[in-house]
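Engineer: So you can see what is in the structure, the chains are spelled out below.
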Amino acid sequence: MTRRAVADREDVLGVLMLAPSLAYVILLVGVPFFLAILLSFSNATAGSLRFEWAGFGNYGAILGDPIFQRALRNSVVVTVGSQALVVVLATAAAQVFRATFRGKRFARFILLLPWAVPVSLAAIAWTWIFDSTFSVINWTLKAAGLLHGWLYWLGDPALALVAIIIVQAWRILPFATVIVLAGLASIPQEIVEAAIVDGAGFWRRLFQVELPLLLPVVTVAVLFGVVYTATDLGVVYILTGGGPANTTHVLPTLAFQRGILGADLGQGAAIAVFLLPFLIVVAVAMLRLARRAEVGAR
Amino acid sequence: MAGVEIRNLKKYFGDLHAVDGVDLSIREGEFLVLLGSSGSGKTTLLRMIAGLEHPTSGEIYIGGVRVDGDVPPRARGIAMVFQSYALYPHRTVFKNIAFPLEASRVPRQQIEAKVRWAAEMFSISRYLDRYPRQLSGGERQRVALCRALVRDPKVFLLDEPLANLDAKLRNTARDDLKRFQRQIGTTTVYVTHDQIEAMGLGDRIVVMEHGKVRQVGTPQDVYEDPVDTFVATFVGQPPMNLLDLGDPSLPPRTLLGFRPEHFLPRSTFAAGEDVRAFRFSVRRVEYLGSDRYVYGAVAESATPDATVIAKLPGTIAQAIPEGETQEFAVPRAALRYFDADTGLRRRS
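Those sequence lines, one after another, are chains A and B. First residue of the first sequence: 3, per this note's numbering; consecutive thereafter. First residue of the second sequence: 3, per this note's numbering; consecutive thereafter.
So here's chain A without its partners, still in its complex pose:
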C-alpha cells in the first residue's frame, strides 16, 4: 500500500515551510509591536511588573514636552534633509557610473562600501571625522584657507544636525545609487536616442526625459531611505547621544533614553509608536505618487 508522504500534500507542506518565517515575524516583530502599543497606554516601568492603564496620559505628556517636540522636528529635518541629499547625489553618481571609464569597478566597490560597514562602526569613525579637536573636515578647510574660525560639529546643535544628515545620507547613498542605476538601465535606449536626435542637451534629457521616467524607481529608493533613516537609532546615539542638552534627539533615541535608560516604559513606548502614523503617511503618500508617476497613468 502506498501512503501519501508529506511532500505530496501541498497544504501541509505549505504550512510547514511557511511556519519558520511566520514564527519569526510573529514573535520578533508582531509581539513587540503590539506590546509597544499596549505599553504606550500604560504607566509600566522597567524593573517592576506593575501595569496600570494610563489611557492617553503618555501621549499627552510627550506632546507637551519640548524635548519631544524638538526630537520630532529633528526626525523630520534629518529624514527629509538626508533623503534630499541622497536623491541628488545618487542621480549624479548613477550618471557617472553609467559611463565607462578606467577603474570603474574599483570606484563602484568604493561606492558600495558604506552599505557593507556596520552602522555602529561607521558612526564611530564619523565621530572622529567630526571630532572637536581632530576633525579632518576642519583641518582640511583650514589648510585650504576656507575656514578661519573653528567648527564644533557635534557641539553646536545646528551643526550636529548637519553632521547627522551627512552620515545618514552617506549610509543610504550606495543603495539609492544602485536603485537609480537599475532604473536608468530600464529606460529604453531608443527613447534616450530619440531625445538626442530631437535636439535635447544633457540637462533637458535629464530633467525632461530621464528623471520623469525614473520617478517611480526613485520614489521606492526614497521610501526605503525614509524608513531606514527615521527608524535609525545607532547614528544619532553614537554621534551625539542626543546632546548637546537633548537638542539633537530623534524619536528612536529619545524613546530609548526615556523607555530603557530612564525606565519609563510607557512614555518610551508612546514616543516609539509615534513614529508609526508618521511612517504610514509617508509610505501611502509615496506609493500614491509612484502610481501617478507610472508611465502615462492618469
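Just so you know, these hints were derived from the structure itself, not from any lab.
Have a look at the derived ranges for each label pair, beta carbon to beta carbon:
#	chain 1	residue 1	chain 2	residue 2	range
1	A	A187	B	G66	33 to 43 Å
2	A	A187	B	D131	25 to 35 Å
3	A	A187	B	L252	55 to 65 Å
4	A	V284	B	S125	43 to 53 Å
Computed from a predicted structure; not experimentally measured. Even for Gly, the Cβ is constructed at its ideal location relative to N, Cα and C.
Based on the hints, put chain B in the right spot on chain A.
Structural biologist: Okay, now just chain B, sitting in the frame of chain A:
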C-alpha cells in the same frame, strides 16, 4: 532640403565590419530604401547618418556640409523615427510632438500652431491629450512621424517604422507614408528588411549584405536586373530560380536564373514565341488563392534535386497533377545568366 553624400564609410565593432566601405549618393527629395537582412549593416549606416554612431572612417555630407566629425545629431538637420517609435511615455501626444520644438527654443505660440498643423496632417488631432500607452500601434507610429515632421528636417531617417504594425495596417501605413513623403518632398532614408516595403516605397533601393552595398537601383532595376545571385534571390518572393544546366551553348560554370512567375506551362505560350522549354517534374502544388506555387525539379539540371518553383497566376486554369512531369517554359527575354563561382551577372 538636401541630399546626402556618403564616401567610403566604414564602421567596425572590433572584428565585426558592420559597415564596410559604403559609397552612396542620395538625391534631394528622394525616397531611398536600405534593404538587407539583419546584420547587413543597414541600421548602422542609418545611425551614422543620424550621428548616433561614429564612423570608423569615411565621410558623410548632408546638404553639402560634412557632418561625420563632431557635428551632433541635433545640428545635422535630421529627424529620426525609431522602430519602437521611442515616444516619451510620460508625455502626452501634444508634448511628445512639441518636444523637439521646445528643445530648439521655439516660442510657445509657434509650438502650439506647429503641433496642431502636424497633428492635422496625420489626423491625430483627437489624441493630443492622450498618453502614448493609450494609443494603438498605428496611432503611435503617426505620432512618431509627427514628432519627426515638426522639426522641418532636411532628411528623414526611418528605422523599420512599420515593423511593429500588424500586416493589415502595414499596407495602409505604407500608402500613407509614401503619400506624405511625396507631399512634403523631403529626402528620406528608410531602413527595412521587408522587400515588399522596399519595392513599394523606394524611389531607389540599396541592397546591402555584410556591410557592403550589393546593388543600388530602382525597384525595377533591382528586381529585373539583379547584379548578382544574392540580389536575385534576396529580392522577390518566392526567390529567383537558379539552375546549373551544364549547357554547352553557354560558357562553362553558368547559372541560369528565372523568376517563378515566368516559369509557366508550355501551353500558355504561343507556338512561335521564343521560349526555353524544360521538363518539370511536379512534386507539390500549393494553392494560395490568387496564385498557385508549383514545387518540383528540372531534369536537365546538373543538380536535379534542387527545388524549382513556378508561380502560376489564378488566371491559368490548367490542372497541374502532382507527381507527373510536365512541359514548362520560360521566355528567353526573362532568362538571366550568372557566373556560378562569383555569383555575378553575365550579360550573355
